[in-house]
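Each chain, letter by letter, is given below.
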Amino acid sequence: AQSVTQLGSHVSVSEGALVLLRCNYSSSVPPYLFWYVQYPNQGLQLLLKYTTGATLVKGINGFEAEFKKSETSFHLTKPSAHMSDAAEYFCAVSGGATNKLIFGTGTLLAVQP
Amino acid sequence: ETGVTQTPRHLVMGMTNKKSLKCEQHLGHNAMYWYKQSAKKPLELMFVYSLEERVENNSVPSRFSPECPNSSHLFLHLHTLQPEDSALYLCASSQVRSGLYEQYFGPGTRLTVT
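Protein chains in written order, with my numbering: chain X, 68 to 180; chain W, 309 to 422.
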């Protein structure tokens with residue numbers, strides 16, 4: 068069975084500050100990990116993914132995430148927050164025979180001026 | 309049109325109405341999904357179609373009836389809904405077993421049941 072835990076349902080940062088959104092996963096098979104972003108009244112947009120290979124993955128809009136197997140984590144970071152980053156972020160895991168995604172409960176990121 | 313499109317974007321319906329949500333993917337994928345997103349609840353996977361065959365139905369009430377006539381189109385037929393069915397309904401598509409594991413989402417249909 069697979070699961071995802073996102074720590075912190077709400078995170079608030081100042082514009083220009085580091086963004087850190089936490090995601091821990093549980094998986095009995097090698098996981099594939101994803102971060103999605105959802106802006107108000109829109110669908111989910113893929114930010115970045117980890118499948119195999121390099122453990123530090125870069126995505127769109129300056130975001131990156133590092134797969135740490137020993138910590139079962141896949142935290143999302145961005146060095147400098149922008150007002151346009153305010154949105155809800157979802158971590159997801161898949162693996163095995165199908166690519167069904169298991170989503171976390173989401174983290175709402177607020178960016179203060 | 310590109311990506312995954314959904315129509316209508318907003319829908320208000322009474323509990324006795326019958327309506328349908330439509331999803332179309334322009335990505336050449338072979339799997340399609342319906343999700344329900346309610347406020348303060350995790351994203352719920354409702355149905356999965358792979359190669360036009362329903363492979364998953366997560367205990368969804370029978371008042372929701374999916375249809376996948378071909379690999380590009382997915383419908384969700386709605387009848388005698390309840391107010392608690394008000395939510396954002398998201399469609400997604402993916403390419404199964406090709407190494408492309410991510411799902412691509414449409415913008416959603418905001419459903420309000422009165």
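Calculated directly from the structure, the hints in this document are not laboratory data. One should not assume that every hint holds.
Unchecked claim - What follows is a list of derived Cβ distance ranges for each label pair:
hint : chain 1 : residue 1 : chain 2 : residue 2 : range
1    : W       : T420      : X       : A177      : 33 to 39 angstroms
2    : W       : S346      : X       : G83       : 33 to 39 angstroms
3    : X       : G129      : W       : T422      : 26 to 32 angstroms
4    : X       : H77       : W       : S394      : 20 to 26 angstroms
5    : W       : T315      : X       : P107      : 42 to 48 angstroms
6    : W       : H381      : X       : G75       : 24 to 30 angstroms
7    : W       : L359      : X       : T172      : 46 to 52 angstroms
8    : X       : Y106      : W       : H381      : 24 to 30 angstroms
We put the CB at the ideal spot given by N, CA and C, even for glycine.
Evaluated hints:
1. T420/W <-> A177/X: 33 to 39 angstroms: violated (26 angstroms)
2. S346/W <-> G83/X: 33 to 39 angstroms: Since S346/W and G83/X have Cβ atoms about 34 angstroms apart, the given range 33 to 39 angstroms holds.
3. G129/X <-> T422/W: 26 to 32 angstroms: Violated: the Cβ-Cβ distance is about 42 angstroms, outside 26 to 32 angstroms.
4. H77/X <-> S394/W: 20 to 26 angstroms: holds (23 angstroms)
5. T315/W <-> P107/X: 42 to 48 angstroms: violated (19 angstroms)
6. H381/W <-> G75/X: 24 to 30 angstroms: violated (38 angstroms)
7. L359/W <-> T172/X: 46 to 52 angstroms: violated (31 angstroms)
8. Y106/X <-> H381/W: 24 to 30 angstroms: holds (26 angstroms)
Of the hints listed earlier, those the structure fails to meet are numbers 1, 3, 5, 6, 7, in rising order.
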